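All chains should be built: construct the whole structure from the sequences, respecting the hints.
2 protein chains.
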Amino acid sequence: MIIDRLYKEAKENGPICVGLDTRLEYLPEYLLNKDISNEEKLFEFNKKIIDKTFDLVACYKVQIACYEALGLEGLKAYQRTLKYIRNKGKIVIADIKRGDISSTAEMYAKAHFEGDFEADFITVNPYMGKDAISPYYKYLKTNKKGMFVLMRTSNKSSEDFQELEVGNEPLYMEVSKKIDEWGKDFLGESGFSLVGGVVGLTYPEEFLKIKNKCKNTFFLIPGYGAQGGTGKDVARILKEKMCAVVNSSRGIIKAHKGINEDKDFNEVSRQKVLEMKEDILQWLR
Amino acid sequence: MIIDRLYKEAKENGPICVGLDTRLEYLPEYLLNKDISNEEKLFEFNKKIIDKTFDLVACYKVQIACYEALGLEGLKAYQRTLKYIRNKGKIVIADIKRGDISSTAEMYAKAHFEGDFEADFITVNPYMGKDAISPYYKYLKTNKKGMFVLMRTSNKSSEDFQELEVGNEPLYMEVSKKIDEWGKDFLGESGFSLVGGVVGLTYPEEFLKIKNKCKNTFFLIPGYGAQGGTGKDVARILKEKMCAVVNSSRGIIKAHKGINEDKDFNEVSRQKVLEMKEDILQWLR
Numbered sequence: 001m002i003i004d005r006l007y008k009e010a011k012e013n014g015p016i017c018v019g020l021d022t023r024l025e026y027l028p029e030y031l032l033n034k035d036i037s038n039e040e041k042l043f044e045f046n047k048k049i050i051d052k053t054f055d056l057v058a059c060y061k062v063q064i065a066c067y068e069a070l071g072l073e074g075l076k077a078y079q080r081t082l083k084y085i086r087n088k089g090k091i092v093i094a095d096i097k098r099g100d101i102s103s104t105a106e107m108y109a110k111a112h113f114e115g116d117f118e119a120d121f122i123t124v125n126p127y128m129g130k131d132a133i134s135p136y137y138k139y140l141k142t143n144k145k146g147m148f149v150l151m152r153t154s155n156k157s158s159e160d161f162q163e164l165e166v167g168n169e170p171l172y173m174e175v176s177k178k179i180d181e182w183g184k185d186f187l188g189e190s191g192f193s194l195v196g197g198v199v200g201l202t203y204p205e206e207f208l209k210i211k212n213k214c215k216n217t218f219f220l221i222p223g224y225g226a227q228g229g230t231g232k233d234v235a236r237i238l239k240e241k242m243c244a245v246v247n248s249s250r251g252i253i254k255a256h257k258g259i260n261e262d263k264d265f266n267e268v269s270r271q272k273v274l275e276m277k278e279d280i281l282q283w284l285r
Numbered sequence: 001m002i003i004d005r006l007y008k009e010a011k012e013n014g015p016i017c018v019g020l021d022t023r024l025e026y027l028p029e030y031l032l033n034k035d036i037s038n039e040e041k042l043f044e045f046n047k048k049i050i051d052k053t054f055d056l057v058a059c060y061k062v063q064i065a066c067y068e069a070l071g072l073e074g075l076k077a078y079q080r081t082l083k084y085i086r087n088k089g090k091i092v093i094a095d096i097k098r099g100d101i102s103s104t105a106e107m108y109a110k111a112h113f114e115g116d117f118e119a120d121f122i123t124v125n126p127y128m129g130k131d132a133i134s135p136y137y138k139y140l141k142t143n144k145k146g147m148f149v150l151m152r153t154s155n156k157s158s159e160d161f162q163e164l165e166v167g168n169e170p171l172y173m174e175v176s177k178k179i180d181e182w183g184k185d186f187l188g189e190s191g192f193s194l195v196g197g198v199v200g201l202t203y204p205e206e207f208l209k210i211k212n213k214c215k216n217t218f219f220l221i222p223g224y225g226a227q228g229g230t231g232k233d234v235a236r237i238l239k240e241k242m243c244a245v246v247n248s249s250r251g252i253i254k255a256h257k258g259i260n261e262d263k264d265f266n267e268v269s270r271q272k273v274l275e276m277k278e279d280i281l282q283w284l285r
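Listed in order, the protein sequences are those of chains A and B. Throughout the first sequence, residue numbering follows the numbering used here, covering 1 to 285 in sequence. Throughout the second sequence, residue numbering follows the numbering used here, covering 1 to 285 in sequence.
Hints listed in this document are in silico derivations from the structure and should not be mistaken for laboratory results. Keep in mind that a hint or two might mislead.
As a list, the in silico DSS-like pairs of lysine-lysine whose alpha-carbon atoms are at most 30 angstroms apart [to be verified]:
#1 B/K257 - B/K34
#2 B/K263 - B/K83
#3 A/K209 - B/K130
#4 B/K130 - A/K178
#5 A/K178 - B/K156
#6 A/K8 - A/K239
#7 A/K8 - A/K213
#8 B/K11 - B/K213
#9 A/K130 - B/K213
#10 A/K83 - B/K41
#11 B/K209 - A/K178
#12 B/K215 - B/K156
#13 A/K177 - B/K177
#14 B/K209 - A/K130
As the structure is a computational prediction, the values presented were derived from the model and not from experiment.
What follows is the structure in structure tokens.
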């Protein structure tokens, strides 16, 4: 099962997810100035980061918005990036946060679990309820695909709705429990289900509460580095069991800017991944 | 302001939104059998429907999932369809239901308010709160772009979260009121704001309650035809003021199947639009 593979990758390589939220302004100067298309530039950038980090990480996450913003050319770079990661034998999470129902969600499933944009995991928005999740089950049943559903996001205004009290609990807890329950039909040997959860790290205490109520859930944590959240916070969550991967994007893929704008800029990315790993793993020894 | 233009179109042409949720299986046989790419097939199909209906409708809605499902080729057809509608001087709503925050939402704004995939309106998911809405304001301020935010969806499992009680009201009412409030900074002469709402028609009484609390909101109603909701239900909402457009997709673009599989299949689409208009407008005379 793909979730068991991800769990194993996280245990063996460390729980690091590199976020390829690539924008043109992140590119080193040598590449920006090259006389090639934006598609080629974005892909070359991603390829160089992947080549220098794949032995250190559990998986990659690719934020489709950054590529959609460049239209068809951007999406060609997106397609090639996903393919390159999967051909390397690594797991890729397509951060698409799609949220639609029945026949429309089936179309999204087709779009992101097969064809040009095939990924191993996708992220999904639960506002429309189970109908927004279940259309993906057909693919989950192959054991080769999984999803991460938004439980609790780390942005300031997540309080607008996610913190509203329903019964005696905030909405995000109700959502989290439902997602954990829906995942029970898709449990792997690791004890985790193919229906994972996205939980931000802004409030570490809350995260522990969610974790305690969602025993089957493997988490995608978006909040390391630029979005806040320390290695110690992450380690507290992973202490009993390696139940999450932690994403960092800008902290890794933009770190070379102003430091190394040359062909070997990716040495900086590698260094940043090593630092992030140590920042987390030091608390787990 | 684009919302005033939409209001005017709805008043003058009737509140009809044709949903170009085009799938290969909807295509008439003559087109399916043609020796051209899927991109060409999808675009020719859409173009024929647009050409035969644009004088009867307020706007078009294009469901991006159907095109994403066909990968890059599908998205080329999506791009050409949007461009074709806008070049005809008609309004197009990109049904993308994106929901992400800050810098990522800015990327989605760039993706769908300029460049290859430029639309007039987009649909957005509010689960992440105001941070998922405000990144689009930059474009709203030009008065040329607008958005429809999910308030209350019409699917069965919308009850999972949207009906949960917060305070003395269901969550969807809290969400609706917030969205109406956020829109107050973007009011047009029509009295409607550039921040519209998506509300399903499964429960007409509920819709009236939402409408009464959201005086600035222009609505996109997805629920006519295949998803339920009658002309009479729609008319009750529009009686005082033309405050919505009503989308129908399959009921219009699939109606020719088994009836007319030839080049003039779009005569059936036109007929179905006329019937839908009459079904609604008969109650408004």
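List in ascending order the numbers of the hints, as given earlier, that are violated by the structure. none
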